[in-house]
Amino acid sequence: MYLKDLCEIHGASGNEEQVRTYIQEQLKSVDQPGQVDVLGNLFFERKGNGKSDKTILLLAHMDEVGLMVTNIQDDGLLAVSPVGGVDPRVLPGKRVWVGENNTPGVIGYKAIHLQKDDYKTIPNWEKIRVDIGVQKKEEAQKTVSLGDYVHFYSAFEEYENRYVGKALDDRGGCAILMALYRELPVLDYNVVFAFVVQEEIGLRGSGSTLKRYKPDAAIIVEGTTAGDNPELKKERWSTHLDNGPAISYLQSGYALDYRLFEAILAFANQKGIQYQLKGRTVGGTDGTRLAGSYFGVPCAGVNIPSRYIHSPVSVISKKDFENTKQLIADILTEEILLKALEVKV
Amino acid sequence: MSLDTFALLKSLSAAYGPPGREREVRELFKEYVNGLVDEVYEDTSGNLIVKKYGQHKGTVFFSAHMDEVCFLVSKVLPEGFLRLEGIGVDPKLLPSQKVWIHTRSGKRLRGVIGMLAPHLQTEETRSKLNGFEDLFVDVSMSDFSEISVGDFVTFDNESFTVGDFFFGKSLDDRSCGVIIVKMLERLSALKHDFDVFAAFSSREEIGAFGARTASYELQPDIGIALDVTHAIDASPNYPKNEFGKGPAISVGAIPHRKISNLLIETAKQNGIPYQVEPSPSRTGTDGDQIQLETIATGVVSLPLRYMHTPYEQICVKDIEESARLLALFVSALKEGVV
Numbered sequence: 051m052y053l054k055d056l057c058e059i060h061g062a063s064g065n066e067e068q069v070r071t072y073i074q075e076q077l078k079s080v081d082q083p084g085q086v087d088v089l090g091n092l093f094f095e096r097k098g099n100g101k102s103d104k105t106i107l108l109l110a111h112m113d114e115v116g117l118m119v120t121n122i123q124d125d126g127l128l129a130v131s132p133v134g135g136v137d138p139r140v141l142p143g144k145r146v147w148v149g150e151n152n153t154p155g156v157i158g159y160k161a162i163h164l165q166k167d168d169y170k171t172i173p174n175w176e177k178i179r180v181d182i183g184v185q186k187k188e189e190a191q192k193t194v195s196l197g198d199y200v201h202f203y204s205a206f207e208e209y210e211n212r213y214v215g216k217a218l219d220d221r222g223g224c225a226i227l228m229a230l231y232r233e234l235p236v237l238d239y240n241v242v243f244a245f246v247v248q249e250e251i252g253l254r255g256s257g258s259t260l261k262r263y264k265p266d267a268a269i270i271v272e273g274t275t276a277g278d279n280p281e282l283k284k285e286r287w288s289t290h291l292d293n294g295p296a297i298s299y300l301q302s303g304y305a306l307d308y309r310l311f312e313a314i315l316a317f318a319n320q321k322g323i324q325y326q327l328k329g330r331t332v333g334g335t336d337g338t339r340l341a342g343s344y345f346g347v348p349c350a351g352v353n354i355p356s357r358y359i360h361s362p363v364s365v366i367s368k369k370d371f372e373n374t375k376q377l378i379a380d381i382l383t384e385e386i387l388l389k390a391l392e393v394k395v
Numbered sequence: 002m003s004l005d006t007f008a009l010l011k012s013l014s015a016a017y018g019p020p021g022r023e024r025e026v027r028e029l030f031k032e033y034v035n036g037l038v039d040e041v042y043e044d045t046s047g048n049l050i051v052k053k054y055g056q057h058k059g060t061v062f063f064s065a066h067m068d069e070v071c072f073l074v075s076k077v078l079p080e081g082f083l084r085l086e087g088i089g090v091d092p093k094l095l096p097s098q099k100v101w102i103h104t105r106s107g108k109r110l111r112g113v114i115g116m117l118a119p120h121l122q123t124e125e126t127r128s129k130l131n132g133f134e135d136l137f138v139d140v141s142m143s144d145f146s147e148i149s150v151g152d153f154v155t156f157d158n159e160s161f162t163v164g165d166f167f168f169g170k171s172l173d174d175r176s177c178g179v180i181i182v183k184m185l186e187r188l189s190a191l192k193h194d195f196d197v198f199a200a201f202s203s204r205e206e207i208g209a210f211g212a213r214t215a216s217y218e219l220q221p222d223i224g225i226a227l228d229v230t231h232a233i234d235a236s237p238n239y240p241k242n243e244f245g246k247g248p249a250i251s252v253g254a255i256p257h258r259k260i261s262n263l264l265i266e267t268a269k270q271n272g273i274p275y276q277v278e279p280s281p282s283r284t285g286t287d288g289d290q291i292q293l294e295t296i297a298t299g300v301v302s303l304p305l306r307y308m309h310t311p312y313e314q315i316c317v318k319d320i321e322e323s324a325r326l327l328a329l330f331v332s333a334l335k336e337g338v339v
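Quick note, the sequences are listed as chains D and E, same order. Mapping of the first sequence onto our numbering: residues 51 to 395, in sequence order. Mapping of the second sequence onto our numbering: residues 2 to 339, in sequence order.
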């Protein structure tokens with residue numbers, strides 16, 4: 051299963067090699083080996099039948115959030131800093147993998163019995179330390195180096211209605227693109243499938259897609275925030291699990307192309323496909339980068355609602371995952387985006 | 002053939018056993034002591050009691066508790082969320098933690114303690130310490146209609162080994178149960194005048210009821226509580242218990258001076274590494290309860306780091322050295338020692 055495999059391999063921003071290799075291995079048998087650019091982005095191109103010279107880009111990012119070793123202390127503990135947006139409060143008591151050899155470690159936390167004033171203070175980066183079961187710096191240095199990536203340890207789990215795992219942002223998007231690349235027939239126009247690097251540290255990878263391809267429109271497939279839990283008032287929810295793919299209209303740094311947005315909504319309404327509007331504008335996606343790079347590409351955002359992203363355990367709805375894939379497949383086969391772009395902005 | 006310490010720890014760490022619900026742990030210990038003792042039975046408090054007879058010149062009793070820290074479901078909310086109350090757990094460990102919900106019907110269901118993604122945090126929530134009034138468990142992936150208030154919830158994790166170190170949950174205090182098993186193994190090859198009793202005790206984490214009732218029933222001459230103590234992280238006013246340097250022997254009010262001295266003497270004579278732990282007041286172990294039954298009590302502790310977290314850490318060498326110390330201690334006991 052693509053999604054399970056993708057969620058269980060490691061690839062924090064700048065360290066996407068395992069993810070890239072996996073995707074390339076799985077897809078190369080279809081009809082081509084795929085193209086890798088200098089930053090590490092991976093592309094597969096499905097040429098159209100020649101009736102149209104237009105190109106649609108589907109894009110998902112391969113990287114996940116994680117940690118990096120920034121200091122090896124004399125007592126053998128490792129100091130770490132976040133790679134992407136990680137809240138230190140999700141870390142105490144969790145297991146991690148350190149470095150290329152997957153050295154096991156835990157983020158230990160001082161026993162409750164020994165805490166005094168610090169019982170009332172939140173964990174911060176000065177308190178988060180990774181313990182790899184050694185007592186001295188020299189011992190730690192045998193297996194760990196400064197700059198080593200640290201990834202969350204989290205087995206993927208499948209339930210009747212849910213998937214549970216790390217990195218669903220955005221391996222869910224990657225899995226959908228992989229499935230679509232396999233399943234989609236040859237269309238009148240070209241489709242580029244881009245698996246990009248370094249989204250989580252500032253949308254670094256996606257822009258270079260436009261150096262290679264000249265897409266007329268793009269769909270960004272993301273695992274997006276949910277927030278539909280008791281912590282948050284319903285009015286402030288971003289999306290709600292089981293309510294279908296989340297279509298976004300405006301996000302951090304970019305108002306998504308209204309023609310694409312309206313066309314997707316009209317299409318879904320007409321077909322009776324379940325969807326929801328993302329209730330919040332927080333969070334950027336590679337759409338922001340694509341719209342602002344080179345000639346600028348009109349983008350749409352079709353997202354998988356995801357709870358607790360950027361933590362070791364996130365949760366998505368199986369139904370939403372399937373419906374997101376199906377909605378994008380239908381949008382492509384029925385040429386919804388290209389028709390929409392015939393209207394002037 | 003000697004039992005593999007790592008294998009015992011792995012099974013024990015994975016077992017389910019909140020206070021008063023220690024059956025899984027008890028069954029494991031029952032299996033491990035098979036062939037090592039003369040008598041095995043469960044008492045009414047849920048303790049597993051074992052007896053290994055010597056020459057009937059006196060009785061010495063050991064206690065290590067089987068139960069673990071845990072949570073209880075305090076409320077079932079709509080749409081598959083739960084609220085929790087904790088028993089001995091720091092709520093700071095909980096965000097993004099996988100847990101098991103143990104239903105009254107005997108099912109084990111998945112739960113995920115979620116936390117709002119950073120994108121949805123506000124200035125106010127970002128710096129907030131989430132207590133049990135804020136934390137919630139997502140059980141939307143399970144058939145949560147079976148979950149009810151009062152169900153026990155435990156950490157889900159996967160123990161692992163690095164060299165001599167073992168990381169996992171509930172090593173407080175099942176690793177000390179392993180010390181008893183390893184001590185019994187060693188005693189099979191040693192002469193001892195004293196009869197040896199041991200309790201794999203229940204309900205320590207909510208007041209050490211198991212050790213109290215077991216010592217009342219058995220009325221031993223000497224009682225030794227085996228528990229864990231904090232390794233590495235120490236108050237500057239106390240010595241730092243280190244890994245690989247043997248058990249920590251308590252000295253103070255509750256540990257009987259004769260017993261502490263005998264333990265230290267035995268360690269010295271046999272070249273067994275040991276550390277000393279000053280206990281000016283209550284020890285926070287089964288020992289506090291054993292003493293109340295008018296029993297000369299000793300407290301021997303295994304150094305453990307990150308106590309009451311999903312990944313507690315111990316050094317397996319310390320288990321072996323503790324077992325060696327206690328076996329030799331038993332074998333040295335003579336009639337009228339206390």
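Derived from the structure by calculation, the hints contain no laboratory data. Careful, some of the hints might be misleading.
Cross-link-like lysine-lysine pairs, in silico, BS3-like; alpha carbons within 25 Å at most [stated by the list, open to error]:
id, chain 1, residue 1, chain 2, residue 2
1, D, 186, E, 246
2, D, 284, E, 129
3, E, 31, E, 76
4, D, 170, E, 52
Please read all numbers here as calculations on a predicted model, not as lab measurements.
Comparing the hints with the structure gives:
Between the alpha carbons of residue 186(D) and residue 246(E) the distance comes to roughly 15 Å, so the proposed pair stays at or under 25 Å and holds. Among the hinted pairs, residue 284(D) with residue 129(E) is consistent with the structure: their alpha-carbon atoms are about 20 Å apart, no more than 25 Å. A threshold of 25 Å between alpha carbons decides the hint, and for residue 31(E) with residue 76(E) the separation of about 36 Å lies outside it, so the pair is violated. Restraint check for residue 170(D) and residue 52(E): the C-alpha separation of about 46 Å exceeds 25 Å, so the hint is violated.
The structure is inconsistent with the numbered hints 3 and 4, although it conforms to all the rest.
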